[in-house]
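Quick note, the sequences are listed as chains A and B, same order. FYI, the numbering for the first sequence is 1 to 107, going by my numbering. FYI, the numbering for the second sequence is 108 to 801, going by my numbering.
These aren't lab readings, by the way, just hints derived from the structure by calculation. None of these values were measured; they are calculated from a predicted model. For glycine and all other residues, C-beta sits at the position ideal for the given N, C-alpha and C. Worth double-checking, as some hints may not be accurate.
Below, in silico cross-link-like pairs of lysine to aspartate or glutamate (EDC-like), each with a Cα-Cα straight-line distance of 20 Å or less [stated by the list, open to error]:
no.	chain 1	residue 1	chain 2	residue 2
1	B	K625	B	E678
2	A	K16	B	E784
3	B	K661	A	E51
4	A	K23	B	D783
5	B	K366	A	E51
6	A	K56	B	D210
7	A	K24	B	E531
8	B	K585	B	E779
9	B	K357	B	D460
10	B	K585	A	D12
11	A	K23	A	D12
12	A	K56	B	E373
13	B	K746	B	D655
14	B	K776	A	D12
15	B	K712	B	E531
16	A	K54	B	E373
17	A	K56	B	E374
18	A	K56	B	D352
19	B	K715	B	D354
20	A	K54	B	D460
21	A	K54	B	D352
22	B	K586	A	E51
23	A	K16	B	D783
24	A	K24	B	E784
25	B	K253	B	E779
26	B	K387	A	E51
27	A	K54	B	D210
Which residues of chain B face chain A? A few of them, derived with a C-beta cut under 10 Å, are [said to hold, decoys possible]:
no.	residue
28	I223
29	G344
30	V350
31	R378
32	P382
33	K387
34	M648
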Amino acid sequence: MSNPNINWAAIDSNPKFQALHRKKTFFLWGLMVFSIIYYFMLPIGAAYYQELFKTKVWGVINVGILFALSEFVVAWTIAFVYSRKANAEFDAMAQEIINDVNSGSMK
Amino acid sequence: MSKNVTYFFMAAIALLGSTAAYAAGGAVADEFKWMTFTVFGVIIAITMAITFWAARSTHTTSEFYAAGRSVSGIQNGWAIAGDYLSAASFLGIAGLISLYGYDGFMYSVGWLVAYITVLLVIAEPCRNIGKYTMGDILAFRNDPKKTKTVAALSTITVSTFYLTAQMVGGGVLIKTLIGIDYEISVIGVGILMLAYVVFGGMKATTWVQITKAVLLVAASLILVFLVWMPYGFSLPGYLQSVVGDADVQKQVAKLLGDKAATMTPEELGQRFLEPGLFLKNPIDQISLGLALVLGTAGMPHILMRFFTVPTAQAARTSVIWAMGIIGGFYVLTLFLGTGAAMLVGPDKIASVDAGGNMAGPLLAQFLGGGADSMMGNFMLAFVAAVAFATIVAVVAGLVLAAASAMAHDIYVGVIRGDHATPKEQVVAARVASVIVGMIAITVGILAKGQNVAHLVALAFAVAASSNLPAVFLTLYWKKCNTTGILLGMVVGSLTAIGLVMVSPNMTYPKAVIASANKVLNGESAVPAKEAQPAVERSSFMCELFALDGCVLAKPAQAATAEKPAKLGAAEKLAGLNAKLATLEPALVSISDATAKATAEADIAKVKKDIAATEKAKAKAEDDLKKFEGQTTSIMGLEKPFFLLKNPGLISIPLGFLLVILGSLFTRDKRAEEMWDELYVRQNTGINAEAASAH
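Please build the complete structure, drawing on both the sequences and the hints.
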């Protein structure tokens, strides 16, 4: 509680914060919607596209097994993509805002 | 404090010694039980040492609830994995794969995808805004007393459902593995878990979870290494031998019934790697998937883990690690499950536990050299001990979450109006832990023999329908306010619970009595049927509810031959015994070695059939006695009204909708005024709760 008299509304309307907010919203919603659609393709495919899921592609391995395994790869990739973006970009933008608040240039 | 821990440690050893004397039966042979107890003892000793060490630095409220916010991201990632990989996922999913192949593996996917929601929308904002509980997050811009009360009630409800499933599952598991009485197992788990929580708070709980996660991953890696090695770590080569395995083919034939008659053994084996052997209703699965993907992010014991790290960045790191560990573990279960199916056999797995929970432990025993070998039993003992540690760790996390809701939200926040001294707060937290722990033990003993498997799914459904809409909307929607949150949480959770009460998860005496009568009295012959065309359902609502005039969709059916009548249990037994009476005397006169072996195998098979029939008969008689004179479920229904097992499809959208409607139709000045502060803080971490200095 270093600075109890922060003007939150001023920070909220500051262009730097607005830029962070826009970038984050776009990026997070994109990933979230994609991951949900990709996940539900699995039960839907297993129920309504059984012939496709049963198609053998590599020895006894069929499309269904590869698709289920791809769910893991996609989940990990989303986590990796998000953390890279957040570590490289969002954290720096947030830190800049914090520095401005602490130095008094944003109040 | 440390003196108390010492006493506790001695009491735990005494308890362990006394249980060893009572143990008889179970998967571990009596002559090797000492080994199981030694491994159990070592693991208990390690966790007690952790508690002893943690208790020395657990004095303040922040230390008790949040481990002083000193847990690193990687440590927290392991702890989240330890918290999440309950016995249900450790033993249950491997079991499902061993019995049903592909569907079991597909089932595991949702449990990992759930963490994407946690990572993207929940972990970092919660770290920046929250203090100790979900109630703190909701109270930030809403009426603190009202939201904390509802948040605490919801937390306690979710935790109790999950706890009951864990306690009952744990009691049954320990009984099946080493034959310790159910009640003693439940009390033992309860006392150990209370020791961690009461003395060591979050720090001990965290490290117990880390220890357990490391043991679990290590055990699984060893087993998978041994299963996969003979195939040179080739995936197609390995799965080829799964498909070609006779036990697997037999299991698929059993699951498919009549349809299997026209299939070749290769086709049967391949079917094991295809969907549809277990999960029959896609709408139910989507409903469950929704509850998992949105419910995990609303699980109070998972949310609480993010208050233990020093920064939002560390919260992010912890989810990434958790996703790596949890996902990697589920990939390993594919090998554990199929390996158990191939090496142990689905028949044998199901004969020890119908749900397949023993697949992992039995596989360990086989890989070590079998039931009579020292190494086999050591491996079994190790896996059993990991399972035991799993239950204790998960239960400890849940008790801590429920206790913090009771002490921090209700007692300190609502009753004392946030005016409690630090010392009072810590005392309240410890007292609440003891209360919740006692409740967990009592509920665990009372629920003995009940079907509690659906309680885990229900806990996720309530979390997704009540906690997540409230937390999500208060963090991301400016107009969200107190009225919306109260309305959404209450209606969301009551809808989820209400739908399950009228769902197929409940017991319907009429159906039980009818199937018991079938077993006892036999079935009359079914005449041959002509091919039936597919039937369209009358409306989508008919898939969800048993409404008047509903016609359910049916796929086209091929013509079936006449099915002969089935004998009642008593006649069947008489027949089998008569067969045995002719087979056994004949054995003496057979001199040819091969013929003798065949005859002996026949006798063994008949004996097995007799045992199975007797078991089925006893169960049917028991059921008839239990449900005599009853016609309706506890809700007064003869058959389910809601047709899905998982209520999420209805209750989750309803929860969201009511938070939105309640917020739109009322105005709350404080909620609007605080929005700027909440939004800036959740994104930047300014003024976030700092780590306490040590």
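Unmet hints by their number, sorted upward, for this structure: 7, 15, 20, 22 and 34
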